[in-house]
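J.: If you want the building blocks of each chain, they are given just below.
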Amino acid sequence: MTSLIEHRRKLLMERSSPGRVGAVLPHSDVPPQELPHASMLRSEVDLPEISEPEVVRYFTTLSQLNFSIDTNFYPLGSCTMKYNPKINDEMAFSAGFGAIHPNQPDDQIQGALKLMFRLQNYLVEVSGMNAASLAPLAGAQGELSGVLMMRKYHQEHSSGKRLKMLIPDSAHGTNPASAAMAGFDVVSIPTDRDGNTDLAALKKEATSDLAGMMITLPSTLGLFDRNIAQICNIIHNAGGLVYADGANMNALLGQVKLGQLGFDVMHINLHKTFSTPHGGGGPGAGPVCVKSILRPYLPAPIVEQHAVGGKEHYQLIRPSKSIGKVAAFHGNFGVLVRAYTYIRTLGNAGLKQASENAVLNANYILANLRDYYHLPFDRPCMHEVILSAVKQKEEKGVKALDVSKRLLDYGIHAPTMYFPLTVEEDLLIEPTETESKETLDRFIEVMRTIAKETSDDPDMVKHAPHTTPVRRLDEARAARQPDLRWRRPEHVGSR
Amino acid sequence: MAQHNSHPFQSHYIPNTPKDRQEMLRAVGVSSVQDLFADIPKEHRNPPLDIPAPMSELELKAEMSALGRLNKDIQSNVCFLGAGAYNHFTPSIVKPLITRGEFLTSYTPYQAEVSQGTLQVAYEFQTMICSLMGMEVANDGMYEGASSLAEAALMACRVTDRGDIYILDTVNPSYREVVETYALPQGLNVKTVSTSNIKLPDTAACLLTQYPNFYGYMEDLAAYKRLTQEKGALLVVSADPVAAGMFKSPGDLGADIVTAEGQSLGVPLSYGGPYVGIFATRQQYIRQMPGRIVGKTVDAEGKTGYVLTLQTREQHIRRERATSNICTSQFLLALATTITMAALGKQGLRQVAELCYQKSHYAASKISHIKGYSLPIKGVFFKEFVVQCPQPPAKINQRLLEKGIIGGLDISRQVPNRMLLCVTEMNSRQEIDALAATLSEFSK
Numbered sequence: 008m009t010s011l012i013e014h015r016r017k018l019l020m021e022r023s024s025p026g027r028v029g030a031v032l033p034h035s036d037v038p039p040q041e042l043p044h045a046s047m048l049r050s051e052v053d054l055p056e057i058s059e060p061e062v063v064r065y066f067t068t069l070s071q072l073n074f075s076i077d078t079n080f081y082p083l084g085s086c087t088m089k090y091n092p093k094i095n096d097e098m099a100f101s102a103g104f105g106a107i108h109p110n111q112p113d114d115q116i117q118g119a120l121k122l123m124f125r126l127q128n129y130l131v132e133v134s135g136m137n138a139a140s141l142a143p144l145a146g147a148q149g150e151l152s153g154v155l156m157m158r159k160y161h162q163e164h165s166s167g168k169r170l171k172m173l174i175p176d177s178a179h180g181t182n183p184a185s186a187a188m189a190g191f192d193v194v195s196i197p198t199d200r201d202g203n204t205d206l207a208a209l210k211k212e213a214t215s216d217l218a219g220m221m222i223t224l225p226s227t228l229g230l231f232d233r234n235i236a237q238i239c240n241i242i243h244n245a246g247g248l249v250y251a252d253g254a255n256m257n258a259l260l261g262q263v264k265l266g267q268l269g270f271d272v273m274h275i276n277l278h279k280t281f282s283t284p285h286g287g288g289g290p291g292a293g294p295v296c297v298k299s300i301l302r303p304y305l306p307a308p309i310v311e312q313h314a315v316g317g318k319e320h321y322q323l324i325r326p327s328k329s330i331g332k333v334a335a336f337h338g339n340f341g342v343l344v345r346a347y348t349y350i351r352t353l354g355n356a357g358l359k360q361a362s363e364n365a366v367l368n369a370n371y372i373l374a375n376l377r378d379y380y381h382l383p384f385d386r387p388c389m390h391e392v393i394l395s396a397v398k399q400k401e402e403k404g405v406k407a408l409d410v411s412k413r414l415l416d417y418g419i420h421a422p423t424m425y426f427p428l429t430v431e432e433d434l435l436i437e438p439t440e441t442e443s444k445e446t447l448d449r450f451i452e453v454m455r456t457i458a459k460e461t462s463d464d465p466d467m468v469k470h471a472p473h474t475t476p477v478r479r480l481d482e483a484r485a486a487r488q489p490d491l492r493w494r495r496p497e498h499v500g501s502r
Numbered sequence: 047m048a049q050h051n052s053h054p055f056q057s058h059y060i061p062n063t064p065k066d067r068q069e070m071l072r073a074v075g076v077s078s079v080q081d082l083f084a085d086i087p088k089e090h091r092n093p094p095l096d097i098p099a100p101m102s103e104l105e106l107k108a109e110m111s112a113l114g115r116l117n118k119d120i121q122s123n124v125c126f127l128g129a130g131a132y133n134h135f136t137p138s139i140v141k142p143l144i145t146r147g148e149f150l151t152s153y154t155p156y157q158a159e160v161s162q163g164t165l166q167v168a169y170e171f172q173t174m175i176c177s178l179m180g181m182e183v184a185n186d187g188m189y190e191g192a193s194s195l196a197e198a199a200l201m202a203c204r205v206t207d208r209g210d211i212y213i214l215d216t217v218n219p220s221y222r223e224v225v226e227t228y229a230l231p232q233g234l235n236v237k238t239v240s241t242s243n244i245k246l247p248d249t250a251a252c253l254l255t256q257y258p259n260f261y262g263y264m265e266d267l268a269a270y271k272r273l274t275q276e277k278g279a280l281l282v283v284s285a286d287p288v289a290a291g292m293f294k295s296p297g298d299l300g301a302d303i304v305t306a307e308g309q310s311l312g313v314p315l316s317y318g319g320p321y322v323g324i325f326a327t328r329q330q331y332i333r334q335m336p337g338r339i340v341g342k343t344v345d346a347e348g349k350t351g352y353v354l355t356l357q358t359r360e361q362h363i364r365r366e367r368a369t370s371n372i373c374t375s376q377f378l379l380a381l382a383t384t385i386t387m388a389a390l391g392k393q394g395l396r397q398v399a400e401l402c403y404q405k406s407h408y409a410a411s412k413i414s415h416i417k418g419y420s421l422p423i424k425g426v427f428f429k430e431f432v433v434q435c436p437q438p439p440a441k442i443n444q445r446l447l448e449k450g451i452i453g454g455l456d457i458s459r460q461v462p463n464r465m466l467l468c469v470t471e472m473n474s475r476q477e478i479d480a481l482a483a484t485l486s487e488f489s490k
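Order-wise, the sequence lines are chains U and Z.
Note that the first sequence covers residues 8 to 502 in the numbering used here.
Note that the second sequence covers residues 47 to 490 in the numbering used here.
Hints in this document: simulated from the structure, not taken from any laboratory.
Check the hints yourself; a few may be wrong.
As the list claims (entries may be wrong) - Below 25 Å or equal to it, Euclidean Cα-Cα: the simulated DSS-like pairs (lysine-lysine) are: (1) U:Lys17 to Z:Lys349; (2) Z:Lys441 to U:Lys318; (3) U:Lys359 to Z:Lys88; (4) Z:Lys349 to U:Lys469; (5) U:Lys159 to Z:Lys237; (6) U:Lys93 to Z:Lys141; (7) U:Lys264 to Z:Lys88; (8) U:Lys17 to Z:Lys141; (9) U:Lys298 to Z:Lys88; (10) U:Lys359 to Z:Lys107; (11) Z:Lys65 to U:Lys359; (12) Z:Lys107 to U:Lys121; (13) U:Lys121 to U:Lys318; (14) Z:Lys107 to U:Lys93; (15) Z:Lys237 to U:Lys328; (16) U:Lys444 to Z:Lys65.
Between the sequences and the hints, there should be enough to build the whole structure, so can you do that?
T.: Now the structure itself:
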């Protein structure tokens with residue numbers, strides 16, 4: 008007999024039984040039309056044949072193999088896994104927002120455009136910038152849009168070529184990847200001992216071919232760079248522009264506006280700071296906000312408000328020197344509706360409190376774990392705290408990976424680990440403001456327990472997790488012998 | 047405004063009470079939360095925040111529904127609009143399954159041991175996309191159709207080590223624009239060519255085509271394949287996945303890379319997003335593919351499991367040398383399409399495709415018999431077709447809207463008085479007849 012888990016995890020094609028259907032469609036109500044020549048048609052599509060109840064049970068059972076915010080504490084650093092309010096989804100799925108077509112003319116979708124216009128304004132206000140485009144579909148696409156704007160700006164304003172983009176060594180991998188896609192040459196800038204940008208290294212690179220610098224603030228070390236004002240000055244004095252990666256904006260709402268600090272352009276991850284669900288890896292949304300000098304370059308479209316016959320009217324427009332369209336339509340609208348709903352729910356007071364509690368929660372974890380794990384930067388953190396398992400590794404050979412995997416046994420999702428790449432055996436822990444003190448206390452207790460287990464029984468920790476649906480998986484085998492789709496048994500082994 | 051009383055605002059999303067905060071501050075060793083923000087330059091701290099005050103769920107829902115009512119939605123109106131996003135049947139099981147918190151509120155499955163649900167679905171998605179498109183490998187999904195096509199063009203340039211991208215003028219104009227946004231900054235060239243006169247030089251990396259094309263018509267992919275093969279270029283096809291339910295698959299016709307907008311398979315129209323891009327190619331190009339890929343493997347006890355694989359292509363490992371900066375797979379929407387394909391299955395997808403074909407051809411034939419209207423393009427179309435109208439489509443659409451009908455896309459900018467209509471399985475004969483009746487009001 009197959010085990011329960013094997014039975015539940017049989018693939019759709021292995022469950023298929025000829026003649027079963029999962030949906031009944033109507034008969035055609037029009038007179039039969041002549042089909043195209045048979046040579047143009049395929050004989051069949053090799054899709055499964057399964058009844059509806061079987062489909063529902065299969066996917067429901069699979070969902071239960073996941074950790075999620077709704078079921079688990081998920082302190083994944085720089086990902087802001089905060090609670091995703093249910094009202095946001097309800098609004099996004101409502102007929103007025105979910106059942107409108109992207110090619111409908113502006114006058115048929117004034118409600119959608121009004122929502123987008125207001126959201127543009129809210130993001131501009133929160134970031135201290137002057138204009139926004141909601142078009143980019145994800146953080147990485149926001150980055151790409153941002154650096155493309157910088158590129159176009161320099162092409163029009165500089166005589167020489169400005170192709171050098173500075174990126175701190177702690178940055179997320181999308182930063183250098185986006186800069187490279189926009190045709191920039193990436194130069195990495197080191198971090199100093201205190202976790203701030205190394206100013207001496209920065210000054211050396213601030214040359215006449217400088218396009219700008221991409222900075223995540225707070226950094227992915229969970230720290231607010233104390234040199235930020237100086238950094239912006241150095242870049243500006245060299246003729247460059249300063250880009251903010253807004254991935255960690257959850258620390259800053261109502262605390263500081265990046266535009267006022269000197270940033271010229273930034274993207275905002277609505278799926279982080281503004282609570283829209285990550286969906287197992289998308290969808291997100293990565294609106295870009297800019298200072299006035301970059302407004303003409305924003306990705307198309309943006310929403311403008313006009314008075315028509317004394318009535319407010321909203322329309323999609325293309326900024327005069329736009330870098331172009333980054334997608335077929337106007338942005339991930341369903342995500343925008345969720346973020347809008349969130350901002351209105353929390354309001355000014357709630358947004359400010361969200362950041363305060365996010366930062367307090369992270370510092371509470373720092374204070375309670377500093378005696379158990381190495382603290383690479385001994386200073387107050389922002390919304391996330393970076394710890395390291397170097398002690399555990401030196402003494403017992405237990406790595407950050409092992410600590411992370413052991414957390415899974417306690418029903419807690421692993422922190423971000425081995426990122427940033429610059430800190431040895433690091434664990435980047437972001438609790439967010441939507442976790443209670445009780446949850447944090449349990450996490451602290453579990454982390455202390457794992458530290459003790461590391462001393463008492465390091466082998467057990469090294470082989471964790473022990474209670475998950477599967478144990479550690481053979482990733483090397485997956486890469487060496489790629490098996491990327493189901494094949495009929497007779498085709499196994501053939502290409 | 048929420049909570050009309052003298053207490054400070056307490057959000058229902060934030061568990062910490064003032065008492066909790068006091069205890070925590072003591073443990074941290076500071077007297078106020080603001081002390082934790084001391085690294086921020088003082089002159090910039092606590093700026094005024096001009097955002098409306100908090101709102102209760104009750105009040106906000108009323109306001110949102112008033113905002114929603116300013117939109118003409120396709121549940122209260124009949125829709126004949128397509129051109130890249132389509133009104134198709136979504137089985138009722140899709141929404142309850144994709145809104146299960148375990149799928150909806152999880153992150154990218156980097157921790158495979160606690161993400162087997164997401165990973166196994168991704169493997170199912172890759173399997174079904176390969177079957178549907180006739181391809182050997184597929185990734186987990188891209189942002190949407192247009193940027194997926196742009197990434198295919200970039201990939202073709204990497205594979206061929208060439209810099210000229212050729213794109214047919216029958217490809218969706220928005221898609222062509224997105225290809226330019228992505229390709230031009232990298233120093234690549236994008237050239238639009240007419241279907242009537244395709245000449246590819248030896249420097250061509252690829253030919254980008256659409257199946258069916260922007261105007262709804264099928265093109266001779268096999269002929270394009272001969273052209274590209276002769277020059278060592280790749281044939282890239284941006285496909286309608288529903289059309290692939292009845293027509294020979296792009297892979298069968300010789301495509302080297304197939305991209306698609308997956309929205310038609312169970313994703314709400316939602317004013318243009320979030321959608322999911324499909325990306326499939328041949329085995330030999332797998333290491334040049336952008337995006338996430340899931341592979342099957344075993345765990346420490348020999349049990350089957352799934353993991354993200356071939357990650358050395360990706361930005362989090364390779365940084366500026368990655369195949370793309372993409373960091374999402376639009377998993378939630380890929381899940382919606384996987385469930386939809388599973389429910390429709392072998393028979394259902396074919397039925398949907400044939401219903402689209404039958405009804406759109408009925409509509410086209412009916413409209414072409416109205417005096418003053420004609421079908422200017424000859425050939426085989428699937429669910430969309432171009433109509434030459436006797437008067438400006440904007441005017442006709444205005445009248446249609448009065449009757450609760452959202453008409454076709456006005457493409458008069460290309461040729462005056464042309465409209466691109468779309469008819470799917472969602473349109474009844476009665477709706478089509480009503481459309482035709484209103485069109486005939488403008489008959490010459």
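J.: The structure should be examined with respect to each hint, and the outcome stated for every one.
T.: Here is how each hint holds up against the structure:
{"no.": "1", "hint": "U:Lys17 to Z:Lys349", "result": "holds, 12 Å"}
{"no.": "2", "hint": "Z:Lys441 to U:Lys318", "result": "holds, 22 Å"}
{"no.": "3", "hint": "U:Lys359 to Z:Lys88", "result": "holds, 17 Å"}
{"no.": "4", "hint": "Z:Lys349 to U:Lys469", "result": "holds, 19 Å"}
{"no.": "5", "hint": "U:Lys159 to Z:Lys237", "result": "holds, 21 Å"}
{"no.": "6", "hint": "U:Lys93 to Z:Lys141", "result": "holds, 13 Å"}
{"no.": "7", "hint": "U:Lys264 to Z:Lys88", "result": "holds, 12 Å"}
{"no.": "8", "hint": "U:Lys17 to Z:Lys141", "result": "holds, 23 Å"}
{"no.": "9", "hint": "U:Lys298 to Z:Lys88", "result": "holds, 22 Å"}
{"no.": "10", "hint": "U:Lys359 to Z:Lys107", "result": "holds, 23 Å"}
{"no.": "11", "hint": "Z:Lys65 to U:Lys359", "result": "holds, 18 Å"}
{"no.": "12", "hint": "Z:Lys107 to U:Lys121", "result": "holds, 16 Å"}
{"no.": "13", "hint": "U:Lys121 to U:Lys318", "result": "holds, 13 Å"}
{"no.": "14", "hint": "Z:Lys107 to U:Lys93", "result": "holds, 12 Å"}
{"no.": "15", "hint": "Z:Lys237 to U:Lys328", "result": "holds, 21 Å"}
{"no.": "16", "hint": "U:Lys444 to Z:Lys65", "result": "holds, 11 Å"}
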